[in-house]
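J.: Chains as they are written, first to last, in our numbering: chain A, 13 to 221; chain B, 50 to 176.
Quick caveat, the hints were computed from the structure, so don't treat them as lab data. Even glycine gets a Cβ: it sits at the ideal position worked out from N, Cα and C. Among the hints, a few may not be true.
Unchecked claim - List time: in silico EDC-like cross-link candidates among lysine to aspartate or glutamate, alpha-carbon distance up to 16 Å:
#1 A:K163 <-> B:D52
#2 B:K140 <-> A:D215
#3 B:K140 <-> A:D217
#4 B:K99 <-> B:D52
#5 B:K166 <-> A:D217
#6 B:K166 <-> A:E149
#7 A:K143 <-> B:E163
#8 A:K146 <-> B:E110
Claimed, not checked - Not the full set, but computed from the structure, chain B residues with beta-carbon under 8 Å of chain A:
#9 K148
#10 N154
#11 N161
Stated by the list, open to error - Distance windows between CB atoms, simulated:
#12 B:N54 <-> A:E112: 27 to 35 Å
#13 A:E104 <-> B:N54: 39 to 47 Å
#14 B:D52 <-> A:M99: 48 to 56 Å
#15 B:N129 <-> A:F219: 16 to 24 Å
#16 A:I65 <-> B:E110: 54 to 62 Å
#17 A:I101 <-> B:A175: 46 to 54 Å
#18 A:M99 <-> B:A175: 47 to 55 Å
#19 A:D119 <-> B:I77: 18 to 26 Å
#20 A:H167 <-> B:D52: 45 to 53 Å
If you want the building blocks of each chain, they are given just below.
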Amino acid sequence: MEHSNWEEILFNKLQSLQNSNSGIIDMNHIDVIIAQFLEILKYYLTNSQKEEIYYQIENILLQISELKKDISNLNAEILHDNFIPEMEIELESIIMQTEESVSGILDTVDKISEIAKKIQDDQIRGALLHKVTKILELCNFQDLTGQRIQKIIYHLSKIESIIFKMLHALRPENELKIPDHDEKNKSLLNGPQKKEDTPSQEDIDQFFK
Amino acid sequence: MVDMNINVLIVDDYKTMLRIIRSLLTQIGFNNIDEAANGSMALAKVKEKKYELIISDWNMEPMTGLELLQNIRADEKTKNTPFIMVTAESKTDNVIAAKNAGVSNYIVKPFNAETLKAKLVSVLGAF
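Model the full structure from these sequences, guided by the hints.
T.: Right under this line is the structure:
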């Protein structure tokens with residue numbers, strides 16, 4: 013059989029499907045086309061061609077089987093028991109450490125404020141308290157950093173669940189404990205947004221005029 | 050003039066943020082400041098004590114700042130209590146939701162002392 017004939021049959025089949033559906037080929041129709049195409053091929057193929065196709069299909073099956081074997085050899089539990097929890101611990105520790113550091117800064121700021129209040133010179137006292145206020149304002153970062161890291165931890169947990177669902181689908185014979193990340197902390201995900209995505213304080217003030 | 054002895058309740062799940070707001074309010078001159086770590090703890094405090102100002106974060110569990118606001122506004126005794134939302138949550142839809150729920154003013158984190166003072170003046174009057 014001429015190769016161009018196969019192409020022509022397939023092309024015509026696809027074109028007629030496309031024409032019948034406003035130029036769109038639905039993915040759900042692809043398997044029907046393939047089944048029909050294989051039916052057509054039966055009439056055209058020589059025995060040696062049939063053998064060649066059989067051999068190639070067998071090769072594909074072998075590849076799939078190898079892939080499944082590779083996946084089952086993957087120690088998914090390491091991912092579950094070590095990597096992702098370790099990443100989560102590292103991220104949690106960033107929150108804790110920045111919180112401790114900021115707490116230390118705030119303790120110092122409180123002490124400076126107490127000393128500043130005792131200064132007789134109004135100008136020096138005012139200037140010092142103004143600087144203390146600036147430090148307090150700058151300590152805002154800890155809250156925002158913490159909220160952003162919480163977002164990362166949440167998404168990391170989601171990725172972990174997805175990987176496990178995929179692995180479970182590929183090797184259901186093994187007992188894989190799919191992590192159950194409930195939705196209770198989802199509301200904590202809102203928090204800080206990217207600057208370009210959000211209105212400024214001035215924009216928000218317009219709502220309250 | 051605003052009475053600096055009014056009872057103020059600040060609500061945030063981050064201890065450092067509670068400290069920052071408390072320090073800024075103290076510098077302004079407020080003397081009676083209580084703290085709560087989430088909306089439901091705040092609501093319990095509001096039921097026990099009369100507050101003349103509530104400053105709350107939005108993103109908290111188990112009760113968010115918006116839910117706290119809705120509860121405050123739903124209660125006859127607290128429905129007129131000035132309520133300022135101080136939050137990193139600055140999406141327009143959320144600002145509108147807070148406004149519809151009856152928030153008195155809205156501050157986006159990170160904020161400075163000047164912004165906090167300006168919002169306090171707009172809600173409480175000059176001091």
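J.: Does each hint hold? Answer for all of them.
T.: Here's how the hints hold up against the structure:
1. A:K163 <-> B:D52: Measuring from Cα to Cα gives roughly 40 Å; hence the hint is violated.
2. B:K140 <-> A:D215: holds (11 Å)
3. B:K140 <-> A:D217: holds (13 Å)
4. B:K99 <-> B:D52: Answer holds: K99 (chain B) to D52 (chain B) is near 15 Å, not above 16 Å.
5. B:K166 <-> A:D217: holds (14 Å)
6. B:K166 <-> A:E149: holds (13 Å)
7. A:K143 <-> B:E163: Holds, at roughly 13 Å.
8. A:K146 <-> B:E110: violated (30 Å)
9. K148: holds (5 Å)
10. N154: Holds, because the Cβ-Cβ distance from N154 (chain B) to chain A comes to roughly 6 Å (cut-off 8 Å).
11. N161: Since chain A brings a Cβ to about 5 Å from N161 (chain B), closer than 8 Å, the hint holds.
12. B:N54 <-> A:E112: 27 to 35 Å: The hinted range 27 to 35 Å holds for N54 (chain B) and E112 (chain A), with Cβ atoms some 33 Å apart.
13. A:E104 <-> B:N54: 39 to 47 Å: holds (40 Å)
14. B:D52 <-> A:M99: 48 to 56 Å: Because 50 Å falls inside the window, the suggested range holds.
15. B:N129 <-> A:F219: 16 to 24 Å: holds (20 Å)
16. A:I65 <-> B:E110: 54 to 62 Å: Check passed, 59 Å falls within 54 to 62 Å.
17. A:I101 <-> B:A175: 46 to 54 Å: The hint (46 to 54 Å, Cβ to Cβ) holds, given that I101 (chain A) and A175 (chain B) are roughly 50 Å apart.
18. A:M99 <-> B:A175: 47 to 55 Å: With a Cβ separation near 51 Å, M99 (chain A) and A175 (chain B) satisfy 47 to 55 Å, so the hint holds.
19. A:D119 <-> B:I77: 18 to 26 Å: Since D119 (chain A) and I77 (chain B) have Cβ atoms about 21 Å apart, the given range 18 to 26 Å holds.
20. A:H167 <-> B:D52: 45 to 53 Å: Roughly 46 Å apart at Cβ, these two residues keep to the hinted range, so it holds.
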